[in-house]
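Student: Okay, here's what each chain looks like letter by letter:
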Amino acid sequence: MNPQIRSLLKPEVINTVNGLELIARVIVEGFMSGSNKSQAVGAGQEFSQYRSYEPGDDLRMLDWKMYARSGRYYIRQADIETNITVKFMLDASHSMMYTEDGLSKFQYAKVMIAALAYLARKQSDAFGLFTVNEKNIQEVHPRFEQQQFMRFLHILATVKSESTWRKSSGLEHLYDHHGKEMIIFVTDLYDDNNDLLQFISRLKTIRNEVIVFHILGKQETSLDFNGSFTFEDLETGTRTKVETLTQQKQYTDRIQQWISQSRSWMLEKQISYELVNMNDPFETTLRNFLKIRKTLAR
Amino acid sequence: MQFTNPIWLWALSGLAIPVAIHLLSRKEGKVIYIGSLRHLEESNTRQFRAIKLNEILLLILRCILISLVVLLLAGLTISYTSSKPSRWLVIEPGIEQTSSIASLTDSLTVAGYEKHYLSQGFPIEIDTTAKAVSNYWSLIHQLQSKAIADIVVISRSRQNDFDGEYTTLPSNIHWITADNAESKSILFAQRSKADSSVVRTSKSNSMETSYSYQKVSIAASDTIKLQLRDTLTITIATNQAFQYDARIVEASLQAIAEVPAPIKVTITTTENFQYIPCHWLIWLSEKTIPVKDKCNSIVLRKNPAASSLFVRQGAQHPYQQWQLTSALTVDHALQEHLSTQLAAILLANDAIRTASARADHRTLPEAFLKTDSLSSTTNTLQAETKSTSLDNWLLILIALMLLTERLVSYQRNQ
Numbered sequence: 000m001n002p003q004i005r006s007l008l009k010p011e012v013i014n015t016v017n018g019l020e021l022i023a024r025v026i027v028e029g030f031m032s033g034s035n036k037s038q039a040v041g042a043g044q045e046f047s048q049y050r051s052y053e054p055g056d057d058l059r060m061l062d063w064k065m066y067a068r069s070g071r072y073y074i075r076q077a078d079i080e081t082n083i084t085v086k087f088m089l090d091a092s093h094s095m096m097y098t099e100d101g102l103s104k105f106q107y108a109k110v111m112i113a114a115l116a117y118l119a120r121k122q123s124d125a126f127g128l129f130t131v132n133e134k135n136i137q138e139v140h141p142r143f144e145q146q147q148f149m150r151f152l153h154i155l156a157t158v159k160s161e162s163t164w165r166k167s168s169g170l171e172h173l174y175d176h177h178g179k180e181m182i183i184f185v186t187d188l189y190d191d192n193n194d195l196l197q198f199i200s201r202l203k204t205i206r207n208e209v210i211v212f213h214i215l216g217k218q219e220t221s222l223d224f225n226g227s228f229t230f231e232d233l234e235t236g237t238r239t240k241v242e243t244l245t246q247q248k249q250y251t252d253r254i255q256q257w258i259s260q261s262r263s264w265m266l267e268k269q270i271s272y273e274l275v276n277m278n279d280p281f282e283t284t285l286r287n288f289l290k291i292r293k294t295l296a297r
Numbered sequence: 000m001q002f003t004n005p006i007w008l009w010a011l012s013g014l015a016i017p018v019a020i021h022l023l024s025r026k027e028g029k030v031i032y033i034g035s036l037r038h039l040e041e042s043n044t045r046q047f048r049a050i051k052l053n054e055i056l057l058l059i060l061r062c063i064l065i066s067l068v069v070l071l072l073a074g075l076t077i078s079y080t081s082s083k084p085s086r087w088l089v090i091e092p093g094i095e096q097t098s099s100i101a102s103l104t105d106s107l108t109v110a111g112y113e114k115h116y117l118s119q120g121f122p123i124e125i126d127t128t129a130k131a132v133s134n135y136w137s138l139i140h141q142l143q144s145k146a147i148a149d150i151v152v153i154s155r156s157r158q159n160d161f162d163g164e165y166t167t168l169p170s171n172i173h174w175i176t177a178d179n180a181e182s183k184s185i186l187f188a189q190r191s192k193a194d195s196s197v198v199r200t201s202k203s204n205s206m207e208t209s210y211s212y213q214k215v216s217i218a219a220s221d222t223i224k225l226q227l228r229d230t231l232t233i234t235i236a237t238n239q240a241f242q243y244d245a246r247i248v249e250a251s252l253q254a255i256a257e258v259p260a261p262i263k264v265t266i267t268t269t270e271n272f273q274y275i276p277c278h279w280l281i282w283l284s285e286k287t288i289p290v291k292d293k294c295n296s297i298v299l300r301k302n303p304a305a306s307s308l309f310v311r312q313g314a315q316h317p318y319q320q321w322q323l324t325s326a327l328t329v330d331h332a333l334q335e336h337l338s339t340q341l342a343a344i345l346l347a348n349d350a351i352r353t354a355s356a357r358a359d360h361r362t363l364p365e366a367f368l369k370t371d372s373l374s375s376t377t378n379t380l381q382a383e384t385k386s387t388s389l390d391n392w393l394l395i396l397i398a399l400m401l402l403t404e405r406l407v408s409y410q411r412n413q
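The listed protein sequences correspond, in order, to chains S and G. Last residue of the first sequence: number 297 in numbering that gives the first Met the number 0, and the count goes up by one each step with no gaps. Last residue of the second sequence: number 413 in numbering that gives the first Met the number 0, and the count goes up by one each step with no gaps.
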């Protein structure tokens with residue numbers, strides 16, 4: 000991760016709207032610098048270029064005025080304006096408070112979502128935010144307005160991770176989706192009785208794209224503690240004493256198995272699964288986001 | 000074990016520190032908050048017992064460390080009593096051969112008593128050149144300072160040898176008086192005539208001592224050994240006023256004249272006194288004695304304040320000088336045992352006196368040698384102890400402990 004960005008990732012920066020916006024901007028502008036405006040051309044408002052007619056081209060795309068002037072057949076091309084709705088869903092259960100190097104998964108997820116939302120705004124997509132835990136469901140419905148980003152950031156900065164994933168009902172309206180949608184679900188995938196996976200599977204329809212960003216810490220993956228410690232479950236509060244040295248192998252095996260199981264399960268459901276390590280730079284995440292968005296835009 | 004600065008032992012309360020630390024930090028060590036325990040398993044208890052044992056080991060090490068430091072500060076010294084058997088049998092030289100005493104000493108040595116001789120320094124082997132018991136009291140004091148739990152003393156307990164201030168026996172000393180068989184001894188023998196001698200014998204047992212004279216005829220060959228004793232020449236010089244006194248003195252002298260030595264008395268007047276060499280000059284006159292340092296003298300000088308009839312006076316060497324403190328009457332002379340006193344002065348013989356003292360076998364009554372039941376035995380352990388400071392050992396131990404403690408705790412925390 001870029002040390003400049005890493006130095007910004009502090010609770011006092013992340014938990015404010017301006018700070019979050021700053022981080023998002025730094026990440027995205029750094030990522031986007033020198034890029035083309037759009038990678039796809041087609042029919043749209045914004046003129047791009049003319050090209051010669053080739054047999055098989057859609058005749059509707061022929062520019063007749065150009066034909067009148069020059070007597071040749073030209074196809075008028077324009078940047079495609081894609082209007083996608085991006086729904087960010089954040090797992091705000093307390094297990095997201097797992098912290099490594101002073102940065103919790105939840106904060107990392109906030110920064111990631113802020114950066115993606117900044118990118119989405121740049122792409123003039125409508126974006127919304129849903130944070131879910133047992134106690135609260137915060138919603139910012141997808142819109143494309145100037146104020147939307149601030150509203151979005153405000154909720155993102157103030158949301159707290161507590162309790163567990165929503166077990167009771169109240170999630171039904173989150174499934175209610177229409178049109179081209181991109182659902183970005185940021186979670187640590189620690190669920191209870193597969194309730195998270197069920198929720199994710201219900202999100203997926205034929206028309207939309209669902210990306211699951213699975214956040215894992217480095218030590219969480221490798222169990223890189225030496226010695227015996229007491230581990231406390233952040234959600235249930237149960238404690239267990241673990242001799243990490245003896246369990247490390249078994250634990251890493253289990254984690255890898257869990258990851259590959261999750262990946263294949265999502266692949267079956269045509270859900271994109273992205274494993275995000277908390278030390279990873281945000282660029283990878285942004286690139287994944289853009290890649291999947293592109294497939295949706297076509 | 001002794002401490003030079005026992006006040007530092009209060010620092011032992013510092014032991015509470017590691018105990019408190021271990022009690023407070025018993026909350027399962029470091030807690031790591033993790034999203035889910037689903038991939039973790041409770042480690043089996045054997046390992047955790049080992050961890051706890053590890054902690055107890057640390058606790059013990061730290062406690063020992065603190066105790067050692069405290070002991071160092073308190074100045075631990077170790078004192079050990081010399082490895083003597085704590086029971087002595089002290090026997091007076093010369094009586095151990097007696098059959099009854101021998102059986103007693105045998106049974107006591109079997110019972111673990113170490114045999115010593117009652118003489119200066121309490122030797123185990125009898126030193127023939129050593130002097131005999133001089134004074135029991137001083138020996139008792141020496142025994143008392145030996146710090147021995149149980150002492151049995153077998154002694155003749157001769158009355159004459161208890162010289163000095165009376166003290167009660169300490170409770171660790173048991174005094175057994177050996178029964179003295181009646182013994183006879185010859186104090187002196189002297190020729191009275193060419194073929195006969197006078198022998199003074201004493202007969203003594205533990206209760207009483209008596210003396211008697213015996214006339215023994217001797218062979219001519221023994222005359223060399225037994226000398227005739229010189230006649231004691233006494234001159235009584237008197238004046239008119241003290242003639243009566245002079246007669247009394249003369250009568251007294253005649254009473255003692257026979258034995259052991261013949262006495263020759265000459266009476267002269269003090270006026271026109273001519274000194275004739277003699278052993279004793281008895282001067283009965285108000286006038287001062289004209290001769291000096293030529294013979295022993297007894298001078299009449301009335302002194303009502305004097306407590307006894309004869310008082311030593313002046314330089315006793317080379318000649319004795321005595322004062323007769325009052326004029327003499329018959330009654331007075333009888334009352335004061337004039338002849339006996341005169342004999343004690345005139346016939347004084349140190350050799351005979353010591354011989355008679357040696358022959359005196361009377362014992363001190365057992366009642367005087369009772370142990371003092373009240374005196375405690377606390378003083379028995381006061382002497383004969385040596386102490387060594389353990390500072391060096393403690394320092395080494397502390398260094399070792401510190402090292403182990405660090406090692407263990409490093410391993411514990413990894």
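Just so you know, the hints here were simulated from the structure itself, not pulled from any lab data. Backbone N, C-alpha and C fix where the C-beta goes; we use that ideal spot for every residue, glycine too. Do not rely on the hints blindly, as some may be mistaken.
To be verified - Derived Cβ-Cβ restraints for the label pairs, each shown as a range:
{"hint": "1", "chain 1": "G", "residue 1": "ILE55", "chain 2": "S", "residue 2": "ASP194", "range": "13 to 23 Å"}
{"hint": "2", "chain 1": "G", "residue 1": "ALA10", "chain 2": "S", "residue 2": "GLN218", "range": "56 to 66 Å"}
{"hint": "3", "chain 1": "S", "residue 1": "LEU274", "chain 2": "G", "residue 2": "ALA10", "range": "52 to 62 Å"}
{"hint": "4", "chain 1": "S", "residue 1": "THR229", "chain 2": "G", "residue 2": "ALA10", "range": "32 to 42 Å"}
{"hint": "5", "chain 1": "S", "residue 1": "LEU244", "chain 2": "G", "residue 2": "ILE55", "range": "19 to 29 Å"}
{"hint": "6", "chain 1": "G", "residue 1": "ARG37", "chain 2": "S", "residue 2": "GLY55", "range": "48 to 58 Å"}
{"hint": "7", "chain 1": "S", "residue 1": "GLN218", "chain 2": "G", "residue 2": "SER408", "range": "23 to 33 Å"}
{"hint": "8", "chain 1": "S", "residue 1": "LEU274", "chain 2": "G", "residue 2": "LEU406", "range": "39 to 49 Å"}
{"hint": "9", "chain 1": "G", "residue 1": "GLN1", "chain 2": "S", "residue 2": "ARG238", "range": "23 to 33 Å"}
{"hint": "10", "chain 1": "S", "residue 1": "GLN218", "chain 2": "G", "residue 2": "LEU399", "range": "45 to 55 Å"}
{"hint": "11", "chain 1": "G", "residue 1": "ARG37", "chain 2": "S", "residue 2": "ASN135", "range": "39 to 49 Å"}
Student: All hints, please: hold or fail.
Tutor: Now for the hints, and whether the structure bears them out:
1. ILE55(G) to ASP194(S): 13 to 23 Å: At 45 Å between Cβs, range violated.
2. ALA10(G) to GLN218(S): 56 to 66 Å: 44 Å, violated
3. LEU274(S) to ALA10(G): 52 to 62 Å: 59 Å, holds
4. THR229(S) to ALA10(G): 32 to 42 Å: 35 Å, holds
5. LEU244(S) to ILE55(G): 19 to 29 Å: With Cβ atoms ~21 Å apart, the hint holds.
6. ARG37(G) to GLY55(S): 48 to 58 Å: 56 Å, holds
7. GLN218(S) to SER408(G): 23 to 33 Å: 24 Å, holds
8. LEU274(S) to LEU406(G): 39 to 49 Å: 42 Å, holds
9. GLN1(G) to ARG238(S): 23 to 33 Å: 52 Å, violated
10. GLN218(S) to LEU399(G): 45 to 55 Å: Check failed, 38 Å falls outside 45 to 55 Å.
11. ARG37(G) to ASN135(S): 39 to 49 Å: 25 Å, violated
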